[in-house]
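Enquirer: In order, the protein sequence lines correspond to chains A and B. Going by our numbering, the residue at position 19 of the first sequence is 19; the numbering climbs one at a time, nothing skipped. To convert, count from 1 in the second sequence and add 1000; that's our numbering.
Possibly wrong hints are sitting among the right ones.
Computed spacing ranges between beta-carbons, pair by pair [claimed, not checked]:
(1) B:1060 with A:11: 29 to 35 Å
(2) A:57 with B:1014: 48 to 54 Å
(3) B:1014 with A:7: 33 to 39 Å
(4) A:13 with B:1008: 48 to 54 Å
(5) A:52 with B:1012: 35 to 41 Å
(6) A:14 with B:1005: 31 to 37 Å
I should point out that these hints are in silico values taken from the structure, not numbers from a laboratory. We put the beta carbon where it would ideally sit given N, CA and C, even for glycine.
One letter stands for each residue in the lines below.
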Amino acid sequence: GEDVEQSLFLSVREGDSSVINCTYTDSSSTYLYWYKQEPGAGLQLLTYIFSNMDMKQDQRLTVLLNKKDKHLSLRIADTQTGDSAIYFCAGDSGGYQKVTFGTGTKLQVIP
Amino acid sequence: DVKVTQSSRYLVKRTGEKVFLECVQDMDHENMFWYRQDPGLGLRLIYFSYDVKMKEKGDIPEGYSVSREKKERFSLILESASTNQTSMYLCASSLSRGGTYEQYFGPGTRLTVT
C-alpha cells in the first residue's frame, strides 16, 4: 500500500509563511489532498490538487506537487494563530475511494 | 452541510468488554470508513464499507469488526477491548462519484481502555 510521510512538528511566527512538506510512494494517485484538524475536531478538507497539475493557489494556500520526486507541499502565507492545527496530506489509491493519510504535521503559530 | 456524528466523544471501558462505536451520516454517502488516530502514526484505516452490508478490511482490522445494516449508519465493534485499543477513533463518509474523493469526518471518539 501507499506510504505517506510528513514531519511531525512545525513552529512559525504569526505573519510568516509556513511550509508543510509531504512525500508519498504511490504515483498512481489521482488526487492529493491536504486536510486540517483543529483541536478536538475531526479532519476537514482544506484543498486538493489533481495529479497532472504542478501548482494550485487558493487564497493564502499554495500547493506544489513534484511528481518526479513524489513530493507535495502546502504553503500558508501570512500565517495566523487560527492556522494552528494538525495538517495531514493524503493520496487516493487502492480503489473504493480509499485515501491514505500521512502522519500529520502539528503547526504551532507563535503570536 | 454534510454531517457525520459519532455516538460518544469520550468513552472509558474495561479490558475484555465489548465496545460499540456508532457513526451516522446524513448525506446519503455510499462509502463509510473507520480510522484510529495515534500520535506520530497519523490515521490508520481499520475497516471501510462501500455499500449496505458490504465491508472491506483496512490496514489494521485485527481486534475489530464492523456492521452496516443501513446506508447511513456504520458501527465499529471491539469484541474484547484491550489496553492497546486506547485511541481516538474517527468515522468518515464519502460519495462514490463526483471526482474528488473528499471524506467528511465526525468529531471523533476518544476511547480509553483500562
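Enquirer: Identify every previously stated hint that the structure contradicts and give their numbers, smallest first.
Expert: 4 and 5
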